[in-house]
Amino acid sequence: MEILLIIVSAIFVNNIVLAQFLGICPYLGVSNKLSTATGMSAAVCFVITLATLVTYLLNKYLLLPFGLEFLQTIAFILVIAALVQMVEIVLKKVSPSLYQALGIFLPLITTNCAVLGVAINVVTKEFTFGLPSHMLGLGEAVLYAFATSLGYGLAMVLFAGLREHLALSDVPKAFRGVPIALITVGILAMAFMGFSGIA
Amino acid sequence: MSKFQLITKGLVKDNPTFVLLLGMCPTLATTTSAVNGLSMGLATLFVLVLSNMAISAIAPVVPDKVHIPVYIVVIATFVTILQLLMQAYTPDIYVTLGLFIPLIVVNCIVLGRAEAFACKNSVVDSALDGLGVGIGFTVSLTVIGLVREILGSGSAFGWKFLSGDGMLAFVMAPGAFLVLGYLMVLFNKFIAKK
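Protein sequence lines, in the order shown, are assigned to chains A and B. Residue 145 in our numbering sits at position 145 of the first sequence; the count goes up by one each step and never skips. Residue 153 in our numbering sits at position 153 of the second sequence; the count goes up by one each step and never skips.
None of these hints come from the bench; they were simulated from the model. It should be emphasised that the depicted structure is a prediction, and the values quoted were computed from it without experimental measurement. Hints may contain errors.
[Claimed, not checked] Below are the DSS-like pairs computed for lysine-lysine, each with C-alpha atoms no more than 27 Å apart in a straight line:
#, chain 1, residue 1, chain 2, residue 2
1, B, K120, B, K65
2, A, K173, B, K9
3, B, K13, A, K173
Using the sequences and the hints, build the whole thing.
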């Protein structure tokens, strides 16, 4: 039951883009086409889950025992940058086709604030998920990160589908491009607000 | 470009929010009221000016291959300093802005100015550039925050002029996107005439 709550809450209720405002830049940047949106979501999903696992362990076994919590920001961003680089090298060797498909999106993930945001959130915030407020354990943290990135993918793919239609419609000049996209996201966010009644 | 232009270009011509579309996450997330937007803008301004100065000072000796990681570490250092200062002196604002203070590290405005300006210009010019872009960002955030606060809770800078609640949706997530979208339309229509 708790697992289900984590998943529903991370994907729908606290959707990372539409409720938490993380990772907006790539969200607006690469959602022009459905195919690139799917590629980016897959890459983000992979990196968020892995980065959360590594930074969680780093925080628990290195930073906390030595009282170095104030180094969290610096340590985490370095870990994420190194991790993205490593994923790039491994993918290039193991699965060149996937590497080709993800292309430029992979290095860009370092500066996607969704990755750092989730990594910091799981080690500093208390969550409930139907239980008394508590810090997440390792399993929960990784599950939460994975579900959050699925939510990112969902928001991304939905929006890309809408944008493909938007590109064909006759939009007033001042609204063209980003403004109409933002207003569309606003309406999408309003629809997602309906999910908060579930939690 | 004169020193004066360096400071004023962030307001209209190179406005980071409405023209360059950088730093969207804090723009949307922290503008629930004018004061919150203002504080987030000032926090970013602090990091921008200091990191621009430091990076323009060390840029000549940083090897080209590792320049991005070096810049990120410099920026992360100033963000950590900011975090500690805010925890000590303005704990309320620190709690309100929460996650978005450490996330200044990955704000593309800061790294963008380091790459595009600070690494090729003098320390003084880089400081002014950081100040200019920071002011542009702060003004945009304050305006967005003010509009959302007026519509969403019927007050301005904490001063309440409507009794009862406003349109709550404007303080929540959808309002952020809608207000930014419509402000961008107005900006395109009236200010950024070409």
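What hint numbers does the structure not satisfy?
none
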